[in-house]
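Taking the working numbering, the leading residue of the sequence shown gets 1310, the next gets one more, and so forth.
Treat the hints with care, since some could be wrong.
DSSO-like cross-link-like pairs, simulated, lysine-lysine; straight-line CA separation at most 27 Å [as the list claims (entries may be wrong)]:
1. Lys1356 <-> Lys1408
2. Lys1347 <-> Lys1359
3. Lys1408 <-> Lys1359
In case anyone wonders, no lab produced these hints; they're calculated from the structure.
None of the values given here were measured: they were computed from a predicted structure.
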Amino acid sequence: MASTIRCDIVSAEQEIFHGDAELVVATGEIGELGIAPKHAPLITRLKPGKVVVTLPGGEQLDFAISGGILEVQPTVVTVLADTAVRAQDIDEAAVLAAKAEAERILSQKDPKMSMEEAQAQLAMSVAQLSALERLRKTLKH
1310 MASTIRCDIV SAEQEIFHGD AELVVATGEI GELGIAPKHA PLITRLKPGK VVVTLPGGEQ
1370 LDFAISGGIL EVQPTVVTVL ADTAVRAQDI DEAAVLAAKA EAERILSQKD PKMSMEEAQA
1430 QLAMSVAQLS ALERLRKTLK H
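Throw the hints in and build the complete structure from the sequences for me.
Have a look at this one:
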């Protein structure tokens, strides 16, 4: 039997995932991180993007996060995100509209939203679309 580590993914609103994992992959500020059981303790900031949790048995779950903090302890890895969503819960039409709005604001410097807010919205939209695309590929196989 493969060894596991407990994984908790929590947003400001709710707990998104709680369970055992063989591997957790997320994008830190300086690159992609793979957290396996018995990983050394660490704390790092996460960029907006995806988190992939590999469950015992090999099934992978995709999540899109807006950025946050990753904490690794000997028996648990915790992702604390402002916003997080499971790939299967993503509303593609809403994400595409948010992406288009962020791109419009960035190109026109619209005062309705700051550049930083528009960039964060764009990054989250791209992360959600990426997670959705990976989910679709997984369902085809």
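Now for the hints, and whether the structure bears them out:
| no. | hint | result |
| --- | --- | --- |
| 1 | Lys1356 <-> Lys1408 | holds, 17 Å |
| 2 | Lys1347 <-> Lys1359 | holds, 22 Å |
| 3 | Lys1408 <-> Lys1359 | holds, 16 Å |
Of the numbered hints listed earlier, not one is contradicted by the structure.
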